[in-house]
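Turn these sequences into a full structure, and let the hints guide you.
Number of protein chains: 4
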Amino acid sequence: MKRIENFKSIIDKYKVIFFDAFGVIKTYQGLVPGIEKTFSYLEKEKKEYYIVTNDASRSPAQLAQTYHKMGLSAITPDRIVSSGMLTKEYLDLKVKDGIVAYLGTSDSAHYIETSGLHTMPVSQVNSSNIDKVNALIFLDDEGFDWFEDLNKTVNILRKRTIPVIVANTDHAYPLSVTDVSIAIGGIANMIERIAGKEFIRFGKPDSQMFMFAYDLIREYRTITKQEIVMVGDTLHTDILGGNKFGLDTVLVLSGNTLPNDAEARITATGIAPTYICETAVVELGELGF
Amino acid sequence: MKRIENFKSIIDKYKVIFFDAFGVIKTYQGLVPGIEKTFSYLEKEKKEYYIVTNDASRSPAQLAQTYHKMGLSAITPDRIVSSGMLTKEYLDLKVKDGIVAYLGTSDSAHYIETSGLHTMPVSQVNSSNIDKVNALIFLDDEGFDWFEDLNKTVNILRKRTIPVIVANTDHAYPLSVTDVSIAIGGIANMIERIAGKEFIRFGKPDSQMFMFAYDLIREYRTITKQEIVMVGDTLHTDILGGNKFGLDTVLVLSGNTLPNDAEARITATGIAPTYICETAVVELGELGF
Amino acid sequence: MKRIENFKSIIDKYKVIFFDAFGVIKTYQGLVPGIEKTFSYLEKEKKEYYIVTNDASRSPAQLAQTYHKMGLSAITPDRIVSSGMLTKEYLDLKVKDGIVAYLGTSDSAHYIETSGLHTMPVSQVNSSNIDKVNALIFLDDEGFDWFEDLNKTVNILRKRTIPVIVANTDHAYPLSVTDVSIAIGGIANMIERIAGKEFIRFGKPDSQMFMFAYDLIREYRTITKQEIVMVGDTLHTDILGGNKFGLDTVLVLSGNTLPNDAEARITATGIAPTYICETAVVELGELGF
Amino acid sequence: MKRIENFKSIIDKYKVIFFDAFGVIKTYQGLVPGIEKTFSYLEKEKKEYYIVTNDASRSPAQLAQTYHKMGLSAITPDRIVSSGMLTKEYLDLKVKDGIVAYLGTSDSAHYIETSGLHTMPVSQVNSSNIDKVNALIFLDDEGFDWFEDLNKTVNILRKRTIPVIVANTDHAYPLSVTDVSIAIGGIANMIERIAGKEFIRFGKPDSQMFMFAYDLIREYRTITKQEIVMVGDTLHTDILGGNKFGLDTVLVLSGNTLPNDAEARITATGIAPTYICETAVVELGELGF
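Protein chains in written order, with numbering that gives the first Met the number 0: chain G, 0 to 288; chain E, 0 to 288; chain X, 0 to 288; chain Y, 0 to 288.
These are computed hints drawn from the structure, not numbers from a lab.
Quantities reported herein were computed from a predicted structural model and do not represent experimental measurements.
Hints are all accurate, no fakes.
Since copy identity is lost for identical chains, a pair holds within one copy or between any two.
With a straight-line cut-off of 25 Å between C-alpha atoms, the simulated BS3-like cross-links for lysine-lysine are:
1. K95 with K14
2. K151 with K95
3. K46 with K12
4. K87 with K14
This is the structure:
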C-alpha cells in the first residue's frame with residue numbers, strides 16, 4: 000500500500016510546480032478549500048508554478064479571471080498553459096490563410112484568431128465559403144446546435160481534406176457529485192470515427208502540453224526536468240503525461256481519483272505517481288505562520 | 000478480378016432471398032429503378048424473400064407502407080426482419096416490468112412497447128421515476144434534443160445498472176450524393192465509451208439478425224442455409240454477416256460500394272462475397288415477358 | 000447489493016442448463032470440488048444440460064474424455080457445444096475446396112477436417128501451394144512456432160483474400176492462481192490489426208454459439224428461451240452473451256469473477272446476471288440423499 | 000490533384016531537414032539509389048540534417064555504421080535521433096534503481112543501460128529477482144522466444160506495477176517487395192490489451208521524438224519550427240507527427256506510400272503533407288556539378 004504523503008514536504012524538493020486545474024485547484028463547487036494557502040506558500044518560497052490545463056474554452060486571461068472571481072488572485076494569465084494555446088500555435092505555424100471553422104463558443108474562438116485567419120462557427124459554413132475552410136477545430140461542447148452542427152461537421156470533412164484539431168482531449172467533465180457532461184473530446188472521437196479521418200489532439204497526456212510549459216520557463220531561466228513536479232487528480236492525463244515527459248508526479252485525491260480507489264486504479268492501469276497526497280493544500284501549521 | 004454476374008442467374012439457384020433495404024431496393028432518391036421487376040419475378044417463381052434491415056426507426060408495418068407509397072407493393076410487413084424486432088424480443092424475454100427509456104421518435108418507441116413495460120423518452124426521466132428505468136434503448140437519431148438528452152443518457156447510466164440496447168448498429172447513413180447523416184449507432188458508441196458500460200447491439204453483421212429471419216422461415220417450412228442467399232450493398236454488414244452465418248452472398252454496386260472501389264475494398268478488408276452484381280434488378284428480357 | 004442465491008433453487012426453475020466449462024465445472028486445478036453432485040442431480044431430475052465452451056483446441060469427443068479422466072462421466076460428447084463446432088459448420092457451408100491453413104495443434108485441426116478440404120499447418124504453406132489456401136483458422140495457441148508462423152500468417156493474408164476464422168475469442172486463460180497464458184484470440188487480434196483484414200470470430204459472447212446449442216435441442220424437442228439458463232463465471236462472455244440471446248443467466252464466483260469484485264464489476268460494466276451464486280455445486284443436503 | 004514537386008527546390012527553403020530512415024534513405028534492398036547526392040548537397044549548402052527514426056534496435060553509433068557499410072558516410076551518430084534515445088532519457092529521469100527487463104536483442108539493451116540500472120532479458124526474470132524489476136521495455140522483435148517470453152511478460156505485468164516502455168511504435172516493417180515482419184510495436188499492443196495496463200510509447204507520430212531533435216539543435220543554435228522540414232514516406236507517422244509538431248512536411252513516394260495511392264490515402268486519412276516528391280534524391284543536374 001502506497002503511503003499518503005505531506006504535500007508541503009514534496010513541493011519543497013522542486014523548483015517548479017505544474018498544477019492541473021480541475022480536481023486540484025477547483026471543483027464544480029468552487030475552489031478546493033484552503034488551496035490559496037498553497038499559492039501563498041509558493042510565493043513566499045519564490046517557487047514557480049504553472050497551471051497546465053486541457054481547457055480550450057477560454058483564453059488564459061479569461062481563465063485567470065475565473066480564479067480571481069473565486070478569490071484566488073495568484074493565478075495570472077502568464078501562469079496558464081492550455082490546450083487552446085497549442086491550438087493557436089498550430090494555426091500560426093501551419094494554416095496560412097482562409098477560414099478556420101470551429102465548434103464551440105465565440106469566446107473560445109476569439110482566442111485562437113490570428114492575423115490572416117478568419118474564424119467561423121460551423122453553422123455559418125456554406126457552399127459559397129466551404130472552399131476557403133482550411134482547418135476545423137473542436138473547442139468546446141457549448142455554443143452550437145449538436146444535431147445540426149455535428150452532422151454538418153461530418154459533411155464538411157467529406158468535402159475538404161484539412162487538418163482537424165481537437166483542443167480538449169477530455170471525454171467528460173464533472174458537473175456535480177453525481178453528474179457529468181460530455182466534453183468536446185468525446186464528441187470529436189465520434190466524428191473522427193464516422194469521417195474516417197485522423198484528427199490532431201492537443202492536451203494531456205500528450206507531451207506537447209508539457210513541452211510548451213517547459214519551453215516557456217526555459218525562455219528566461221535554466222531548468223531541468225528533475226526540478227519540476229506535476230500535480231494532478233487524473234491518472235490517465237496528468238500522471239501518465241507527466242511521467243512520460245520525465246517529470247516526477249503527485250496524485251491528489253480531491254478530484255477524479257477517490258481515496259478508496261486510488262490504489263486499485265494504479266494497480267489496474269499500471270500508471271503510478273511518484274507520490275500520493277490527500278490534496279494540494281499546504282496546511283497553515285506547516286507554513287509556520 | 001472478380002466477374003460481375005447476372006442477378007437473375009444467381010437467384011435462380013436459391014429458394015430464399017434475403018435483401019438489405021438501403022442501397023439495394025431503395026436509395027435516398029427512392030426505389031432503385033426497375034427493382035419492382037425483381038419482386039415480380041420472385042412472385043412468379045414462387046421464391047421467398049425477406050428484407051433484413053438495420054432499421055429500428057419504425058415498425059415493419061410502417062416500413063412496408065413506405066415501400067407501398069413508392070409503388071412497391073410486394074413488400075408486406077411479414078417480409079420484414081428489422082433490428083427493432085430483435086429489440087422487441089429482447090425486452091419481452093429479459094425486461095419484465097418498469098420503464099424502458101429511449102432515444103428516438105415516438106414512432107420507433109411505439110413499436111417496441113410490450114405488455115407490462117412502459118416506454119418513455121429520455122427527456123422525461125427524472126428523479127421521481129429513474130428508479131423504475133429498467134432498460135435504455137437507442138432507436139433513432141431523430142426525435143430528441145441531442146445536447147440535453149445525450150448528456151442525460153450518460154447520467155442515467157451512471158445511476159442505473161441496466162441493459163442498454165443499440166437497435167441500429169450503423170454509424171452513418173446517406174442523405175444525398177454528397178451528404179451523410181450521423182446514425183444512432185455512431186452516437187451509441189460515443190455514449191458507451193463515456194459511460195464505460197457494455198451495450199448490446201442488434202443489427203447486421205451480428206448473426207442474431209440472420210437467425211431471426213431463418214427461424215421465421217423454419218416455423219412453416221424446412222430450409223437449409225445453402226438454400227438462402229443474402230443480397231447487400233455493404234461489405235461490413237450484409238456480406239460479412241451473411242458469410243459468417245453460413246449463407247452465400249451477393250454484393251450489389253447500387254449503394255455503399257461503388258463499382259470502381261469494389262475490388263479494392265474486398266482485397267483491403269478480406270470480406271469477399273460469393274458473387275458481385277451491378278444491381279439486384281432482374282431485367283425484363285431475362286423474364287421472358 | 001445483489002443477493003447470493005442457492006444454485007439448486009435456481010436450476011429448479013429451468014428445463015435446460017447451459018454451463019460454461021472453465022471456472023464453472025473445472026479450473027486449472029481440476030474439477031470444481033463437488034461439481035459431480037450437480038450433474039447427479041440434473042440426471043435424477045431429468046434436466047438437460049450442455050457445455051457451451053470457447054474451446055476449439057480439441058473435438059467434443061476429446062473434450063469429453065478430459066472430464067472422464069477427472070472423474071466426471073456425465074459429460075458426453077453430445078453434451079458439448081464448442082466454438083470449434085461452429086468453425087467446422089462454417090467450413091462445411093462456405094469453403095468448398097482447397098487448403099485450410101491453421102495455427103494450432105494437429106488435434107485441433109483434425110476435428111475441423113471435412114470431406115473435400117485439406118487442413119495444413121501454416122508452417123507448411125509455401126509458394127507452390129499458397130494459391131490453394133482458401134481459408135485460414137486460428138485454433139489454438141500451441142502447436143506452432145510463434146515467431147515463424149505468425150509472421151508467415153501475416154504474409155499469407157497479404158497475398159490471399161480469404162476468410163479468416165478465429166475459433167476461440169478468449170484473449171488469455173488462467174494457468175495457476177497467479178499466472179495466465181495468452182490465448183489464440185488475443186494473438187488473432189494482433190494479426191487482424193496488422194493485416195488490416197476483418198476476421199470472423201466464433202465464441203461467446205457471440206450469439207451464434209447459443210443459437211447452435213438452441214438448434215441442437217430443437218431438433219428433438221420443443222423449447223423456449225425462457226426455459227434455458229446460462230451458467231458462467233465471466234461477465235463479458237457467458238453473461239453478456241446469454242443475456243443478449245434472451246436467456247436468464249447465473250454468475251458463479253468460482254472462476255474469473257471473484258466474490259469481492261462481483262458487485263463492482265457488474266456496476267462498472269453494466270452487465271448484470273439474473274442471479275449470482277457462489278458456485279454451480281448442488282449441495283448434498285439439498286439433494287435429500 | 001496535388002502536384003509532385005522537386006525535392007531540391009523544397010529543401011532550399013529550409014535550414015534544417017529531418018529525414019525518416021526507412022523508405023526515404025534506405026529500403027530493404029539497401030540505399031535509395033542516388034540518396035548520397037542529397038547529403039553531398041546538404042553538406043555543400045551547409046544545411047543541417049537529422050535522421051528521426053522509430054528504430055530502437057541499435058544505438059545511434061550502430062545505426063550510423065549500417066549506413067557507412069552501405070556507402071553513406073554522411074550520417075554520423077550525432078545526426079541520429081531514435082526512439083531508443085527517448086527510452087534512455089526516460090530511464091535516466093524516472094527509474095532510479097533495480098532491473099530493467101526487456102524484450103529485444105542484447106545490442107538493443109546495451110544502449111539503454113545507464114548507471115545504477117541493470118538490464119535483463121525477460122527470459123532471465125524469475126521469482127528471486129522479479130521484485131527488483133522496476134521497468135519493462137519493448138525494444139525489438141528479435142532476440143527472444145516469442146512463446147515463452149511474451150507469456151512471461153504478461154505474467155510479470157500482473158505481479159509488478161511498473162512503467163512499460165514501447166521503444167518502437169511501428170506495427171510492421173517491410174522485408175521485401177511482398178513480405179512484412181511483425182514489429183515490436185504490434186506485439187506490445189497485444190500485450191497491453193491482455194495485461195490491461197497503459198504503456199508509454201516513444202516514436203513518431205508522438206511529438207516527443209520531434210521535440211528531442213528540436214532541443215538537440217537549440218543547444219547550440221537558434222532555430223524556429225518554420226525553418227525545419229520533415230521528410231518521410233509514411234502518412235501516419237512522419238507526416239502526421241511533423242504536422243502536429245508544427246513543421247512543414249514532405250511526403251516521398253519511395254517507401255510505404257505508393258505513387259498511385261498517395262492522393263487517395265491523403266484524402267481518406269485527412270493527413271496532408273505540405274509537399275509531395277518522388278524521392279528525397281537531389282539530382283546531379285540540379286546540383287550544377
